[in-house]
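Build the full structure now, drawing on both the sequences and the hints.
Take UniProt numbering: the last position of the first sequence gets the number 420, and nothing is skipped along the way.
Simulated from the structure, these hints should not be mistaken for lab results.
Computed list of lysine to aspartate or glutamate pairs in EDC-like fashion (alpha-carbon distance at most 16 Å, straight line):
no., residue 1, residue 2
1, Lys189, Glu215
2, Lys26, Asp323
3, Lys63, Glu81
4, Lys173, Asp260
5, Lys358, Glu336
6, Lys180, Glu196
7, Lys374, Glu399
8, Lys370, Asp397
9, Lys186, Glu215
10, Lys26, Glu152
11, Lys7, Glu114
12, Lys378, Asp323
13, Lys341, Glu386
14, Lys37, Asp98
15, Lys192, Glu210
16, Lys37, Glu24
17, Lys374, Glu328
18, Lys348, Asp413
19, Lys326, Glu357
20, Lys326, Glu399
21, Lys378, Glu328
22, Lys192, Asp207
23, Lys170, Asp260
24, Lys341, Glu389
25, Lys348, Glu328
26, Lys374, Asp397
27, Lys170, Asp287
28, Lys370, Asp359
29, Lys10, Glu114
30, Lys19, Asp323
31, Lys351, Glu328
32, Lys240, Asp136
33, Lys63, Asp260
34, Lys178, Asp219
35, Lys7, Glu64
36, Lys184, Glu199
37, Lys341, Glu357
38, Lys374, Asp323
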Amino acid sequence: MKIQGPKGTKDVLPSESYKWQYIEGKIRELCSINGYKEVRTPVFEHTELFQRGVGETTDVVQKEMYTFLDKGGRSITLKPEGTAPVVRTYIENSVYNDIQPTKMYYITPCYRYERPQAGRLREFHQFGIEVFGTQDPYIDAEVISIGMTLFESLGVKALELRINSVGCPKCRKEYNAKLKAFLKPKLDKLCKYCQERYETNPLRILDCKEEKCKENLTDVPFMLDNLCDDCKNHFDGLKKGLEIIGLNYIVDPRIVRGLDYYTKTAFEIVSKDIGSQGTVCGGGRYDGLIEQCGGPSTPGVGFGLGLERLLLTMENQGITIPDTEKMELYIAAIGEKANDKAMDLLFKLRKSGIRAEKDYLNRSIKAQMKYANKINAKYVIVIGDEEIEKGIVNIKDMETGNVIDASLNNIADIIIKIRR
RNA sequence: GUGGGUAUAGCUCAGUUGGUUAGAGCGCCAGAUUGUGGCUCUGGAGGCCGUCGGUUCGACUCCGACUAUCCACCCCA
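Have a look at this one:
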């Protein structure tokens, strides 16, 4: 019987891991420039953290968590998102006593028990950033810019930045009442899901894709038009911040985030190139979350960005990722004596920092050349009795076919020199 | 959790109204005057036709169940 990987998981094979490394490198570089430091938290947490942090009413907590009892009888959950664990570590380690704001990022696997589809896996990887300790709307703009800049630096095009404000507990309560009053007489004309949403989360009715729902919502009141002064000023500040740094945005009053903790800013970066799960990056502000998790009242803002979705978008846009691990030198050997010499040379060259490879399958010279070509080796040297005797080899440039002479004990210097 | 599609070689897929030796392209391996790659040509390896059961003289082909996978919904990265 053949053992397969669990449903909704995906292997990253050696032939494509360079893509991940490339993207992760870009992320680390970008975060460094912007003053964000990496935080690493466990893959699993006490279930209670997500129940409190993400929200008991959310789908993520109600039906999508990988939860189990460990051998000590504790309820453990594989992290379904990145924010709550970072909040936990911020509180647990009293990071709020350090100089503020705290700017952090993470690259982590996340787990959600769902039916897989295009751009959705049970184990997926998220790049996220969080800023704790400031309410300044300009930091919201900075957070958003990091997502946008990452896409830009990877050559991803045709993304839309959509922003909204979901208000604060104060104005949202009033708005919810207003919304429900508006919807009540139309309730039987809405789709069955929206009729459920009316009770569970009326905000979500706003972004339903059903035509009959859209028709009935033409003059629906939006949260955005019912913000309190504080929230309204904050949203204006965000827009101004985005304009100063030159980021185009679309105000989309229908954006609603599915996690309970969001306040004020909510945004999505959406791709049209990956099927129906178009949100590549989503996030916003969560000013009540840290306090709710047992910390001091501290504002926060951040986003999560799906690396599989990012990769999907790049693939569908035909973006090629450079492979920086190409072999520099292949040493072909003819005969047993030459094979020993090649082994000796190989390890000396590697010590000099040259990416080098030799044959380990006792193949013919022709097969060795083919192999060198296949692995994209930049240079090849062939060692046989003659070369050992004279102490001279040809360094062949596999792209041009040109050869240059080199003394056997001089190869490293020459490669380093022509490497440029 | 709900709905639909698909399951044949490592990969992408053909396979005639059910008929006996299951094919192609790519990839892999080897060779084309024995020490030099890419292009071309030749040959080779590699399939319990997803699993189990049913119909039939006979099933890769028809039917059923199961499993896996893909897409969509709910929701989200």
